Structure formats: structure tokens, C-alpha cells
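Asker: Here are the chains, one letter per residue:
Protein chains: 4
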Amino acid sequence: MKYGVVGFSGRMGKEIIETFKEKGHELVYMLDIENELVDGEPQVILDFSRPEAVKKTVEVCKKYKAALVIGTTGLGEQELEMIRELSREVPVIQSYNFSVGVHAMRKIVKLLSGILKDWDVEIVETHHRFKKDAPSGTAILLKEAIDREIPVHSLRVGGIPGDHLVIFGDVGEVLEIKHRALSRRTFALGALKAAEFLLNVGKPGMYDFEEIIFGGG
Amino acid sequence: MKYGVVGFSGRMGKEIIETFKEKGHELVYMLDIENELVDGEPQVILDFSRPEAVKKTVEVCKKYKAALVIGTTGLGEQELEMIRELSREVPVIQSYNFSVGVHAMRKIVKLLSGILKDWDVEIVETHHRFKKDAPSGTAILLKEAIDREIPVHSLRVGGIPGDHLVIFGDVGEVLEIKHRALSRRTFALGALKAAEFLLNVGKPGMYDFEEIIFGGG
Amino acid sequence: MKYGVVGFSGRMGKEIIETFKEKGHELVYMLDIENELVDGEPQVILDFSRPEAVKKTVEVCKKYKAALVIGTTGLGEQELEMIRELSREVPVIQSYNFSVGVHAMRKIVKLLSGILKDWDVEIVETHHRFKKDAPSGTAILLKEAIDREIPVHSLRVGGIPGDHLVIFGDVGEVLEIKHRALSRRTFALGALKAAEFLLNVGKPGMYDFEEIIFGGG
Amino acid sequence: MKYGVVGFSGRMGKEIIETFKEKGHELVYMLDIENELVDGEPQVILDFSRPEAVKKTVEVCKKYKAALVIGTTGLGEQELEMIRELSREVPVIQSYNFSVGVHAMRKIVKLLSGILKDWDVEIVETHHRFKKDAPSGTAILLKEAIDREIPVHSLRVGGIPGDHLVIFGDVGEVLEIKHRALSRRTFALGALKAAEFLLNVGKPGMYDFEEIIFGGG
Chain U
415 MKYGVVGFSG
425 RMGKEIIETF
435 KEKGHELVYM
445 LDIENELVDG
455 EPQVILDFSR
465 PEAVKKTVEV
475 CKKYKAALVI
485 GTTGLGEQEL
495 EMIRELSREV
505 PVIQSYNFSV
515 GVHAMRKIVK
525 LLSGILKDWD
535 VEIVETHHRF
545 KKDAPSGTAI
555 LLKEAIDREI
565 PVHSLRVGGI
575 PGDHLVIFGD
585 VGEVLEIKHR
595 ALSRRTFALG
605 ALKAAEFLLN
615 VGKPGMYDFE
625 EIIFGGG
Chain D
415 MKYGVVGFSG
425 RMGKEIIETF
435 KEKGHELVYM
445 LDIENELVDG
455 EPQVILDFSR
465 PEAVKKTVEV
475 CKKYKAALVI
485 GTTGLGEQEL
495 EMIRELSREV
505 PVIQSYNFSV
515 GVHAMRKIVK
525 LLSGILKDWD
535 VEIVETHHRF
545 KKDAPSGTAI
555 LLKEAIDREI
565 PVHSLRVGGI
575 PGDHLVIFGD
585 VGEVLEIKHR
595 ALSRRTFALG
605 ALKAAEFLLN
615 VGKPGMYDFE
625 EIIFGGG
Chain P
415 MKYGVVGFSG
425 RMGKEIIETF
435 KEKGHELVYM
445 LDIENELVDG
455 EPQVILDFSR
465 PEAVKKTVEV
475 CKKYKAALVI
485 GTTGLGEQEL
495 EMIRELSREV
505 PVIQSYNFSV
515 GVHAMRKIVK
525 LLSGILKDWD
535 VEIVETHHRF
545 KKDAPSGTAI
555 LLKEAIDREI
565 PVHSLRVGGI
575 PGDHLVIFGD
585 VGEVLEIKHR
595 ALSRRTFALG
605 ALKAAEFLLN
615 VGKPGMYDFE
625 EIIFGGG
Chain V
415 MKYGVVGFSG
425 RMGKEIIETF
435 KEKGHELVYM
445 LDIENELVDG
455 EPQVILDFSR
465 PEAVKKTVEV
475 CKKYKAALVI
485 GTTGLGEQEL
495 EMIRELSREV
505 PVIQSYNFSV
515 GVHAMRKIVK
525 LLSGILKDWD
535 VEIVETHHRF
545 KKDAPSGTAI
555 LLKEAIDREI
565 PVHSLRVGGI
575 PGDHLVIFGD
585 VGEVLEIKHR
595 ALSRRTFALG
605 ALKAAEFLLN
615 VGKPGMYDFE
625 EIIFGGG
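Protein chains in written order, with this note's numbering: chain U, 415 to 631; chain D, 415 to 631; chain P, 415 to 631; chain V, 415 to 631.
Isolated chain U (complex conformation) (with noise of 0.2 angstroms):
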């Protein structure tokens, strides 16, 4: 496929581009905060930066027709909704997580809390003293999951790609639910799975990362 990458000098960016490299992909579009390099039509266009570059990400999906895999965190209202309008154009898939062990997370934290109502419930989340927001996207994404108003840790320690831990107790018995990254290599393999499936799906729409892991239910 010909691609674009917004926050191509970022540590996402490169590990993208080295990946979609290795499995053939054509690099046609880079932008950053201060290159634009085009170099031919992309068809989808992959974001792992800032917030503040969503703005121009849409501009750039709605110019060239092209699908928009969004993984950016720390998003705010009004990004998610510049999202959701360019969804009618393109098809577009936004998750503040691309792996598919965090997505399994997901699926049992929310069926434990179903189970175990009158446990206390919190969430520890433990990343590389570069990640500028807090609480991480995927730690928020879990706490929708459970749906209940519980504290959220947030640690800044070494290189850690990113541990979380949602961590279940009642009075006699603890269970944890611990996800680790090992590298961001896996997030760029999620982020290929989720471009292609945009290609071949071909139409406008919001798509779930959930679901083209693990199928519909």
C-alpha cells in the first residue's frame, strides 16, 4: 500500500515506517512540525502524535481521499469529534491502543466488574519517562471499560514501553490483571492490521479495532 505517516520523526513514527518498510509498504507522505514531504498519493494515513496534529491529519485524509488510522492519546473533545465528521468521508479507525493483548484486557476487566461488583478496583499504569500525558490512553480506555468511578496511578519511570495493571480485591483474595508491551513494534504490527483492513473495507465509516481482532461480539 502508499502510505503517510503525521510525526514521522517521533519515536511511533519511525517504528511505523520501519515496520510497513519490512512488509514492502510504499512510504509516499511524511509530515512533521516543521517538514511536509509528498511524494506521491497515500491511501492511508497513520497518526501516532500529538493532539494538536489532528487538525491538519484530517485536512491532509480529506485531500487525498485516503483512510486515517488514529492512535494518538491525550485526545480532547473536539479531536475526537473533527474524527468523527471526517469518518463520513473516509473510512477511520481511532484507538488510544493497538495491540491485541490490550484488547483482550479489555474484554475481561469488563466482564470482572460485571462479576465482581463489591471489589475495589484500581488501575496502575507504568511508562517511559518521555510519555508527556497522563493517565495514558489505554489506561483510560480500560477504565471505560469497567465503568466505574475508580483511581487511576500513574508511574513515569526508565524506558518502560507500557504496563498496565488493573488490580481486583475484596476482603480475602486479590486478582490482577496485568498487560505488558514489550516493544513498540507490536503497536505498529496492530496499526498495519487495522490500515489494511481500511483498504479492503473500502467504505466510509468508524471502525473498531476490537472487533477486526477478535471479530464481531
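Check the hints yourself; a few may be wrong.
Note: identical chains are not told apart, hence a pair may lie in one copy or across any two.
Said to hold, decoys possible - Lysine-lysine pairs mimicking DSSO-like chemistry, simulated, CA-CA at most 30 angstroms apart: (1) K617 with K545; (2) K435 with K531; (3) K470 with K545; (4) K607 with K545; (5) K476 with K428.
Keep in mind that the hints were calculated from the coordinates and are not lab data.
Bear in mind the structure is a predicted one, so any value in this text is a computation, not a measurement.
Given chain U, work out where chains D, P and V should sit, using these hints.
Answerer: Just chains D, P and V now, with coordinates in the frame of chain U:
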């Protein structure tokens, strides 16, 4: 209720007696390797002792037409057969673990094993230095739920009441499910719930602890 | 020994009474918010209650010339000053934690903090839902040993007796030190060790729990 | 520096080449099971490959009077003897782990093993599914520091670069020390530090990685 305890002088025997006493139940029968104390007709027998005791426990249940809650671990096929045979005469619940959390864990590792088919899975269980059988009954129960040939590692350390970890790992990410019993009280309360269920249902048969706590399905 | 307990109706008060009774010691004085029961002259007072109790505890120690073992957490400078002043008249041990493991942990996190100077450090402490002060006294004790301005996260979940995690992280690796109390019994046994030490030493002064268990250095 | 890599096509070989290249060092010698590529005279050889390679590695070092940094695991007495013998001619560092954190861990588990004499101890090591030797060299290094006969459990799961857990447990409490490598980069940087040290010291002999990073004592 009027109840009896097999293995009354052991760790779990004592915990059951203390917990049931607090709830106002009447201890009318006690058995261990040296003594048999009878003070009435038990409606239900609780046995969390050793596999060698099963034969005598079954006789006692038959004699008094008493229901049976059995949590003994390390059972062989012969003991399981004696228990199944007893269930044609009285109501019986047999489980390797009587906590809500472990059965919730069983549910989700079963689900995950279906979703994360090409991930590696291993189990680690950690118990106090006095535990004789290995792997723990709970580890066996979890392994059956996962339904694959996987390694189980048994640690025996200090006074740990019982930790169970199931680790799922792919090349780029790891998902861990960890249960931790805080005290034996949890298991005694689960046994009480099971005993109450059996007295209520009244009819002979093998009943499932998971069904009691979560309902059918 | 003849001993007294301040906060005798609380969780730790009950644990101390049970543990000391098993070892054959004589309870001659009990105080809580509503009652004062005197049945002899205590040689040592144990107080694991609330900061508000310190004033009265100090008076009681002075009246009976009794040694003091105090494990109350959440103390302010005013209460610490009262305790120091008391130590001019009787032998005193004050610590936020009376377990061997936590003091071993204190020793090693101090060592690590000196070696791993440019690594990030954070603390996570998890306690039962009934614990009122945060961060825990033990977390404060660990933070002082690390001697840097670092975040401390407090979780309150179910019936956890007390977990403490110190996480050190560099760009390429992580080192975690984790302590877990299995029951309050550990703290009661540590308090007994402290009380025996004080009766033995006899002379007024502030004594250090770490020195008692590991010796000088 | 001019350096050579034995096992240049393996995981660690590639990581070393990438890391040393970034720092401006010159790769002049490469060896693996099929190829030998010579492009100059190496001052130091790095070998993180397989025990079978040791014999040839030693020959190469002798031929070029090159220092040796060897991190190969699964070494037998025979290979260790060859390495010791080489150290009479050139400077050598042999270690099963080249990270700062593991050596800090070694220091503290040694200390704890001396303090917590009657606590139980076990080791758990977890690595990626491609690792062939078990237990890991690092687990052996930790077990030697603890200096007791203790169980070591080896898990092989997904893509985990290397986790090591030492668990100390008493009846009432547990103390865990856990190290986690985030990527092989950590080990490559440690190997570079070792290589620089050897070139600097110049004289034949066996040098200790722990001494290099923490200094004497």
C-alpha cells in the same frame, strides 16, 4: 446447620470450625487420623484433609445421609470415583478451590486461551512450605480450563496462603492473570456457601461450585 | 512480662493481645477511646493506634515508669517530640514498621539509591480499604531511606495487609523491590521482640528497631 | 576502537554491531558458523554466541592479541578453562550478564541471603521462546551469590528479553527482588563499557564486570 468436619485438627479444619461457629452453626461430628467425636447427626460433612481420608468420609456421609463439601487436593481417579458414586445418594460438591476469585480467574483464562491461540502459556503457583502436594489442585483446575499441554511451576516459600499466576506471552506483549488468597478464611466462607446450597437443594447429585457463585452459563 | 495495650479494641491491638497471650505474657492495662482498664502495673506499653492517643500514652508510661513500643503511623512533629521527650525517662522504640523484611528492604533500597543515582525511582503502597492515613508510615520510612524527592502512590484495595513496592528504572532495565506482609501477626511478633529488648536494656533512651534485628551497622 | 564480533548474525551479535556503530567504532572482524570476514586487526573481540564457539574465539584472540569480552551462557568447565588460560595473554572479561541492574541485584541478594538466613528462597527466570539453555546464565550468577541449594524455575514465553525474580519468604512476610531487561541494547551497552575498560587497562588478566561498574568492594 448441624455439620461435621473431617481433618478437624488440620489448618483448614480449624479455619472452617472458627468460621462456621461465628455464623452460629453447630459442630456435631469431628474426625481426624486419631479421633472420632460424635455429638449428633450432621446434615453436611466438610472435608479439606488428605486423599487417604476419602473412603472413611464417604462412609460417614452414607451413614448419616449427610451432604458432602470436599476440597481435598491431590485426589486420584479412585477417590474421584468414590465421590461420584456417593453423589447418587446425597448432594455433593467437589472443587479444588472454594474462592470466588479463582473461579472468576478460571472463566477468563478459558476465554483468553480461546482468543490468544498462538501465544505461549505457563502457570506458576506458590504456596507455604508446609504444602505437600504439587502442583496445587487450583493449578490443575486452571490448566484444565486452558486445555493445552503447558508447564506448571510450583514454588514453596514461607507462609504464602496461595498465589496462582497464568502468563500468556506473544513476541511483542505479555498478559498476566494473578490470584492471591489473603487467608484461609476465604476458602472457609466459600465452603459455607457450598454447604448452604447443598442443604437447600436437598436432592442427590454432583453440583458445580462455579454455578453456585456465578449462576448457570 | 506485664504489659499494656493502647487501642486494645482495634485490629493491631487485638493481634498484639492474642500473640502476647500465646507467649505467656500478662495483660494488665488496656486503653481505648472509651475505656481504661487497670489490673496491675505494666512494665511496657504497646501503642499501634492513632496519633491522637500519643499524649495519653506518654502520660501512662510516665505514671508507671513503663517502656514504650509505638508503631502508630501518621505521626506529626508534635507527637514525635512528645515521644522523644518521654525517652529521657524510659526506654522507647518508635518505628513505622515492626517487620524484619521491611527493615531489610530499607537497607537495600538505601544501598541501591546510592548506586543507581541516575535511575528513576517511585514507590507504590497497597493496603486494605480500612486504612485511613496515606501514604503509609512504611512508605515514608522507605522514602527517607531513598532520600530523593519521588512520587508515592497509595492504593486501598480489599483486605491487603500491606504491600510496598520500590521501582528503580533506567532506559534499558528495571529493578523492583517488593515487600508483602502476609498478616498482622508479623508486626505483633516484631513488637514483642522490641518489648523484650527494652525490658532487657532497662535504661532510658530512643532505640532503633533496625539495630535490634540486624545488630549495629 | 577496532572490534570483532563472533556470532555476528545472531540476535546479540546484531545488537552489538548496531550499538557500536552508533558510537563510531569500527567493525573489522566477523565470524559465525558459516563465514569469517576479516577487514583489519581487531583490538577486542565480543562473543555472545554459543559454547561451541569458544575454542575458535580463543584462537582468534591469540592471533590478533585482541582482548575478549565474552557473555556466552551455558558454558561448561572446559570452556571456562580455555578462557582463563587466554587471560594470561590478553585482558578478558567473562560474565553471564552485562547489565548494571543485574549486578546491583547480585549485590543485594547476596546481602539478603546473609541477613534472612532462615527464610526460604527460590528463583524464577523468564525468557523468550527462542532461548535454548536453562536455567539462564544470570540465574546461575544469582544462585551463586545466594550460595544455598535452591530451586530455579525457567519459563519460556513469547518475546521476553529476560526477567529474573528472587523470592525470599518467611512465615509472615515475603520479599521479592525482580529485574527486567527492556531490550538487548542494555547488554550491548554493558559490553561496550567492558571493551573500553579492557583497552584502557591493557594488561593481561581476568577482570570483573561488577568491579568495572561499581568500583572495588
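Asker: Next, verify each hint and record whether it holds.
Answerer: Hints, verified against the model:
no., hint, result
1, K617 with K545, "neither (34 angstroms within a copy, 45 angstroms between copies)"
2, K435 with K531, "between (47 angstroms within a copy, 27 angstroms between copies)"
3, K470 with K545, "within (22 angstroms within a copy, 46 angstroms between copies)"
4, K607 with K545, "both (25 angstroms within a copy, 28 angstroms between copies)"
5, K476 with K428, "within (24 angstroms within a copy, 42 angstroms between copies)"
Hint 1 from the list above is the single one not met by this structure.
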